[in-house]
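Asks: In case you want the letters, here they are:
2 protein chains.
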Amino acid sequence: MYGLNATHDPALKSWVAGTHHPGTDFPIQNLPFGVVRRRGSSEPWRGAVAIGGQALDLAALHALRLVRGTPGDALEACADETLNRFMALGQAAWSSLREVLSGLLRAGAPQAAILQQALLSQSEIEFSLPARIGDFTDFYSSLHHATTVGRLFRPDNPLLPNYKWVPIAYHGRASSIGISGQSFARPAGQVLPAGAARPELMATRRLDYELELGILVGTGNAPGIAVSVDRAEEHVFGVCLLNDWSARDIQAWEYQPLGPFLAKNFATTLSPWVVTLEALEPFRVPWSREAADPQPLPYLDAREMRSRGAIDIQLEAYILTERMRATGAAPQRLSHSSFQSAYWSIAQMLAHHTINGCNLQTGDLIGSGTQSGPQAGQGGSLLELSAGGKQALPLTTGETRTFVADGDTISFRGWCEKSGYARIGLGEVAATVLPARQNAK
Amino acid sequence: MYGLNATHDPALKSWVAGTHHPGTDFPIQNLPFGVVRRRGSSEPWRGAVAIGGQALDLAALHALRLVRGTPGDALEACADETLNRFMALGQAAWSSLREVLSGLLRAGAPQAAILQQALLSQSEIEFSLPARIGDFTDFYSSLHHATTVGRLFRPDNPLLPNYKWVPIAYHGRASSIGISGQSFARPAGQVLPAGAARPELMATRRLDYELELGILVGTGNAPGIAVSVDRAEEHVFGVCLLNDWSARDIQAWEYQPLGPFLAKNFATTLSPWVVTLEALEPFRVPWSREAADPQPLPYLDAREMRSRGAIDIQLEAYILTERMRATGAAPQRLSHSSFQSAYWSIAQMLAHHTINGCNLQTGDLIGSGTQSGPQAGQGGSLLELSAGGKQALPLTTGETRTFVADGDTISFRGWCEKSGYARIGLGEVAATVLPARQNAK
Numbered sequence: 087m088y089g090l091n092a093t094h095d096p097a098l099k100s101w102v103a104g105t106h107h108p109g110t111d112f113p114i115q116n117l118p119f120g121v122v123r124r125r126g127s128s129e130p131w132r133g134a135v136a137i138g139g140q141a142l143d144l145a146a147l148h149a150l151r152l153v154r155g156t157p158g159d160a161l162e163a164c165a166d167e168t169l170n171r172f173m174a175l176g177q178a179a180w181s182s183l184r185e186v187l188s189g190l191l192r193a194g195a196p197q198a199a200i201l202q203q204a205l206l207s208q209s210e211i212e213f214s215l216p217a218r219i220g221d222f223t224d225f226y227s228s229l230h231h232a233t234t235v236g237r238l239f240r241p242d243n244p245l246l247p248n249y250k251w252v253p254i255a256y257h258g259r260a261s262s263i264g265i266s267g268q269s270f271a272r273p274a275g276q277v278l279p280a281g282a283a284r285p286e287l288m289a290t291r292r293l294d295y296e297l298e299l300g301i302l303v304g305t306g307n308a309p310g311i312a313v314s315v316d317r318a319e320e321h322v323f324g325v326c327l328l329n330d331w332s333a334r335d336i337q338a339w340e341y342q343p344l345g346p347f348l349a350k351n352f353a354t355t356l357s358p359w360v361v362t363l364e365a366l367e368p369f370r371v372p373w374s375r376e377a378a379d380p381q382p383l384p385y386l387d388a389r390e391m392r393s394r395g396a397i398d399i400q401l402e403a404y405i406l407t408e409r410m411r412a413t414g415a416a417p418q419r420l421s422h423s424s425f426q427s428a429y430w431s432i433a434q435m436l437a438h439h440t441i442n443g444c445n446l447q448t449g450d451l452i453g454s455g456t457q458s459g460p461q462a463g464q465g466g467s468l469l470e471l472s473a474g475g476k477q478a479l480p481l482t483t484g485e486t487r488t489f490v491a492d493g494d495t496i497s498f499r500g501w502c503e504k505s506g507y508a509r510i511g512l513g514e515v516a517a518t519v520l521p522a523r524q525n526a527k
Numbered sequence: 087m088y089g090l091n092a093t094h095d096p097a098l099k100s101w102v103a104g105t106h107h108p109g110t111d112f113p114i115q116n117l118p119f120g121v122v123r124r125r126g127s128s129e130p131w132r133g134a135v136a137i138g139g140q141a142l143d144l145a146a147l148h149a150l151r152l153v154r155g156t157p158g159d160a161l162e163a164c165a166d167e168t169l170n171r172f173m174a175l176g177q178a179a180w181s182s183l184r185e186v187l188s189g190l191l192r193a194g195a196p197q198a199a200i201l202q203q204a205l206l207s208q209s210e211i212e213f214s215l216p217a218r219i220g221d222f223t224d225f226y227s228s229l230h231h232a233t234t235v236g237r238l239f240r241p242d243n244p245l246l247p248n249y250k251w252v253p254i255a256y257h258g259r260a261s262s263i264g265i266s267g268q269s270f271a272r273p274a275g276q277v278l279p280a281g282a283a284r285p286e287l288m289a290t291r292r293l294d295y296e297l298e299l300g301i302l303v304g305t306g307n308a309p310g311i312a313v314s315v316d317r318a319e320e321h322v323f324g325v326c327l328l329n330d331w332s333a334r335d336i337q338a339w340e341y342q343p344l345g346p347f348l349a350k351n352f353a354t355t356l357s358p359w360v361v362t363l364e365a366l367e368p369f370r371v372p373w374s375r376e377a378a379d380p381q382p383l384p385y386l387d388a389r390e391m392r393s394r395g396a397i398d399i400q401l402e403a404y405i406l407t408e409r410m411r412a413t414g415a416a417p418q419r420l421s422h423s424s425f426q427s428a429y430w431s432i433a434q435m436l437a438h439h440t441i442n443g444c445n446l447q448t449g450d451l452i453g454s455g456t457q458s459g460p461q462a463g464q465g466g467s468l469l470e471l472s473a474g475g476k477q478a479l480p481l482t483t484g485e486t487r488t489f490v491a492d493g494d495t496i497s498f499r500g501w502c503e504k505s506g507y508a509r510i511g512l513g514e515v516a517a518t519v520l521p522a523r524q525n526a527k
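Same order as they appear, the protein sequences are chains A and B. First residue of the first sequence: 87, per this note's numbering; consecutive thereafter. First residue of the second sequence: 87, per this note's numbering; consecutive thereafter.
Hints are computed from structural coordinates only; laboratory data are not their basis. Keep in mind that the hints are not guaranteed to be accurate.
Note: identical chains are not told apart, hence a pair may lie in one copy or across any two.
To be verified - With a cut-off of at most 25 Å between alpha-carbon atoms, the simulated SDA-like pairs for lysine to any residue come out as follows:
hint: 1; residue 1: Lys-250; residue 2: Met-288
hint: 2; residue 1: Lys-250; residue 2: Ala-282
hint: 3; residue 1: Lys-476; residue 2: Thr-518
hint: 4; residue 1: Lys-250; residue 2: Glu-390
As the structure is a computational prediction, the values presented were derived from the model and not from experiment.
Just chain A, with the same shape it has in the complex (with noise of 0.2 Å):
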């Protein structure tokens, strides 16, 4: 477990230009790490880690060869393509090369001048995923989320009786992750169209986002060995923002019995940087439960957990249409809601998932499923926020969505905010949909 330590100091400044700004989301006290290279080249991907608006590139650090020992080491894994390596050694080394970081990036750091020529401006740059996946697994931890959706798929049956017991999960699709900034056509399946008799393949019609959190694996566990509640957050390396792209149409006709498949697994979105657990010590609140809730089983289960199994991370999801860009406007906000309010925590998700002996690795992601606040307006999708596609939103370009249209970029923004500390922000992660190929009708 993480403690709070020097580098979480919100006294603590740098040196970086434009690392000052109130609003920054990558303040000294955040050093998220990403994969990058300067844009259009063909450089080799490398660890860089994000700072103001720029990037300290990891690889160019290393061949200074300021950093010895064991953060010297992680500092040598960062240069690698991917992050991968780095996330194999564990929080001892994550923490090590965080705390050299801070020092080296701090107001009045005498290796300030021979830094400079290791930093990459974020405008500059483009991204790669930080870690080569392997597997990704999908959660379902909002509880806000699975009711309203339930009463839409089930209205008799909302909320089925496992949910408050079991951290509902499913497999998703590792090859089709894909970092901000891509755009995707829109996807073609079976829907059964109202009252039809029988399925037609057609363009979705009902393209929708889930906003949802990506867990990143830094440790896994050996086959046959379950990962305790206690200790389960020693094995997450950080989080970053996840758009897990969903078809309702395909979805609906799809998803008896064996869950979504082609629904959601043409497309699935992250932001660049990841925010380490450590990075978020200052933002723990305790788990969401109501006094009427079901008591976990006990390998859910951890008293000190209960104080601190949460974090308030803020998320907010934007729309910006073609006809927004056309006219230099600004994004739109759809909806808000915090992380806070999951029914299922991060401990619990990865215990969970390996009591039956399944082996965590290195670079496996996990998505908490959409988080949804308990508020109307609170909906982490559109289909939550349109009600199942009856009641479209009115947008200030006088436009209407129930679902996502052609053209749309849509983008999340996370971030934590507390009186007495600095704002640590996830950055953001934005994709755009193209209209559907012609072979699919």
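Using the hints, position chain B against chain A.
Replies: The following block gives chain B in isolation, referenced to the frame of chain A:
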């Protein structure tokens, strides 16, 4: 599409001892690929081809520099520690290497003497997974399995309305896929005991196997570009046997609404030899459809495939209990079915998987779903054979089984036979269940 050629000639004999036995799985007409090393050694893993009771070491063959050009390049890729690079080369490369190997192993081949040094006895080798598997997708292609299992889970609604339209599938877990010969502890999970109000954590009491074919993707498709049903098989490298281990009590409690998760992801076992589609060419048969079955949607239909869309692969499941092992008894056969009766073909599965633009990659594994025949006693799982655990199966030892017991070894065999052609075997997949770990009550 493959045709019959000189490599299928039933008159072909090999100079390798033991390949003339009519019951061998691995005559010279087969030539399946696997990844091997000497048992217990720390030698590098490398590709091999089964021939009778021997394996031709492809790294050793490559080192002899006997093979040039396209097949030589293919052979060089087979010296890797997985077959991925070879599989990515595509049909022309696979065929060219098959043709060369058929020539080298043929009785009278002048290279026989020198090739002796590249032969390993199958009794002296161990196997690794044939490919680095990115994503694992499991289909549900047996109508008989879907109907029988559907009746157990949903007596009033056994076959869902989408079944004869949609090749139903879900994503499985890649990290827990193991190779034949593995053993694993009985998994634990949440179970809702009959009549209970609250679930409990316990070792599964309804551990089951599922008799499936594994299909290995050779060449992938770009994101957004669907694979047509006419050309889908060009992407398939070959097939093996697959045991999709399942915990039925965990499954019943967790599977709504997102499908099976912990009930399946603790272990999946593959047979070591991958039989190419080219070797299976003589055993093509028409698709299995009744007159009353709906016409598939055009993206799942192809005139040419109707007459040869299916493959008659015989499948058997066996059990070897501890008592059988102690008394030297042979494994007892539990069921016999054929992949021929699958409702959805391999080409249909791939075309469906990609119709939404989902990208398949070299090394992806596709499970056929449990292959059950139409008759009683042809169920591809104990759930079916024991009528949901209600009718115990008598064993020759006087024991009975409703589900798999600790110490049981479950094995599958698969093969093709047809008058006028050499028998083509898939070999065997076997795995043994160990007692639950102590921490799982």
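Asks: All hints are to be evaluated individually against the structure, with a verdict given for each.
Replies: We went through each hint and held it up to the structure:
1. Lys-250 <-> Met-288: Classified as between: cross-chain Cα gap 18 Å, same-chain 37 Å, threshold 25 Å.
2. Lys-250 <-> Ala-282: between (36 Å within a copy, 15 Å between copies)
3. Lys-476 <-> Thr-518: Intra 24 Å, inter 53 Å, cutoff 25 Å: intra-copy only.
4. Lys-250 <-> Glu-390: So Lys-250 and Glu-390 pass the 25 Å test inside one copy only (20 Å; across, 51 Å).
Of the numbered hints listed earlier, not one is contradicted by the structure.
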